[in-house]
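Enquirer: Once you've looked at the hints, go ahead and assemble the two chains, each given alone in its own frame, into the complex.
Top to bottom, those sequences are chains C and F. Using the working numbering, the letters of the first sequence correspond one by one to residues 419 to 593. Using the working numbering, the letters of the second sequence correspond one by one to residues -18 to 76.
Please note that a few of the clues may not be correct.
Said to hold, decoys possible - Here are some chain C residues pointing at chain F (derived, C-beta under 8 Å):
1. Gly453
2. Glu521
3. Arg522
4. Glu523
5. Asp586
6. Met587
7. Glu588
Just so you know, these hints were derived from the structure itself, not from any lab. Ideal Cβ placement from N, Cα and C applies to all residues, glycine included.
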Amino acid sequence: MIYKREFLGIPIAPRRNRRWLVAAYWLVISSLTCGAIALLKAHPQRSTGINILFTYAFMFGAIGLGRMVWDTSFTPENVSAGIRTLFDSALQGRRTRNPPRDEREQRQWDKAHTTAYALLSLIVILAFPLQLWKFLPEVGQLREPLIWFLILVIINLPQSILLWTEPDMETPDES
Amino acid sequence: MNTTPEKSPGESGLYNRIAVLRAERGISRQDLADAMDVNYQTIGFLERGDYSPSLKLALSLGEYFGLPVEAIFSKQPFKPLSQQVYGQRPTGTEK
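Isolated chain F (complex conformation) (with noise of 0.2 Å):
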């Protein structure tokens, strides 16, 4: 199952798995806004890659997931959840 479909970052220029990680965790942008103490909005740009967050605020996230930050945050797309546990495509991806 591919949970991390590729897209653009953004004008942050930063992917992220925030919205997956919300969606797992079953928490609304409201509740993960006072969990960070921003407004909710802002949890909608991170989402979509439109603010690259301060430090602070990423590390605030990746202690609110149990998560490094660099799993929450990266550079580079993420590759899908299934290619990362099982080290290939899934089958019918393939070209």
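Bound conformation, chain C alone (with noise of 0.2 Å):
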């Protein structure tokens, strides 16, 4: 299921590192969000050249954390294995390059969207009475990187619980 066992040179075997990437992960999501939000806020005359900027940041921000679970490189044709990645769930693992998943790895990738929509279900259900669109901005442009970011969320909370959970990796020789 976790197919790598190691990512930009480090190793993540290991749960402690793949922990430690997950939160360095969605602290640079939440930063970029923010650091669009501000940027349009302070330049709305560029906001379609900062919205481009901040969609293919969230984009490769997106394939970054999809191949640490997923063995799929930068290389052009792997391109569209990559984008395939990303509607995994919907395929069930039958047309990316990675092997199917047996039944353990089916019921923890089962159990992991299971846990990220509950999660996901909840902030929607406090929304309202939080109503929590109180604090978007006014300008619907500066809603866009909030809207990436919830889609950033969708796509890869399953990814990150899996990434956070899963234990320490074994070689295939250990006894």
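Expert: Okay, here's the thing in structure tokens:
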């Protein structure tokens, strides 16, 4: 399920390292979202350029986290495979380059999705009594980074839960 | 010789002899995983008792080792093989 043993030279077999990477990923994405909002507020006339810039930043961020789970590199022939991994939960792993999940992996994958969407549902349910939308910026353009942030949460939250919860990876011949 | 020491059954609540059987036959986790068509890490989860296999996987393991499923998995701790063979606790283990 987690097919790689290292990411950008960092060993991700130990769960501790994976947790640091996941925490760093969400810190960067949150900072990018806040940065995009601040920039759009300061330079509303350049909103298109700023939005395009952050759209690409978010996309690479999403694929980056996906690369920790999937064995997909940034070579041209793998671009389509990389995009397919984003939709893997719908495709049940049939069309990706990775081997199909076995029964335990499928169970863990389903559990991560259940946990992720339970968390998201909780946020949505809490949004109404707390009226969270009041904190959104007034200008419509400023909402785009937040929408991107939400898309990333939906795509990457199950992967983050998996990376966070899977125990230290063993070697094939470990006894 | 006590080859199956009592230990916690793990999250699954099942005791198993997979590690012993694998060691007896001198096969790696990867070899067993390939034969069962699962990830080698799943074998580790099974051995530690952290994963409860499906009936299909349990039967496949029985078939692979040439043993009935109840010889591989149990809800109760397995008795040491010496005790099973000779019907009493080995000398030196009595309190």
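Enquirer: Does Met587 (chain C) hold up as a contact with chain F if the rule is Cβ-Cβ below 8 Å?
Expert: Check passed: Cβ of Met587 (chain C) comes within 6 Å of chain F, closer than 8 Å.
Enquirer: Holds or violated: the hint that Arg522 (chain C) contacts chain F, with Cβ atoms closer than 8 Å.
Expert: At about 5 Å, which falls below the 8 Å cut-off, the nearest Cβ of chain F leaves the hint on Arg522 (chain C) intact, so it holds.
Enquirer: Does the nearest C-beta of chain F fall within a distance shorter than 8 Å of the C-beta of Asp586 (chain C)?
Expert: Status violated, d = 10 Å.
Enquirer: Does Glu588 (chain C) hold up as a contact with chain F if the rule is Cβ-Cβ below 8 Å?
Expert: Where the cut-off is 8 Å and the nearest Cβ of chain F is about 5 Å from Glu588 (chain C), the hint holds.
Enquirer: When the nearest CB of chain F is found for Glu521 (chain C), is that gap smaller than 8 Å?
Expert: 5 Å, holds
Enquirer: So, Gly453 (chain C) near chain F? Judge it on the closest CB pair being under 8 Å.
Expert: 38 Å, violated
Enquirer: With a cut-off of 8 Å, does the beta carbon of Glu523 (chain C) approach a beta carbon of chain F closely enough for the hint to hold?
Expert: Hint holds; Glu523 (chain C) Cβ to chain F Cβ min 6 Å, cut 8 Å.
Consistency with the previously given hints fails for numbers 1 and 5, ordered from lowest to highest.
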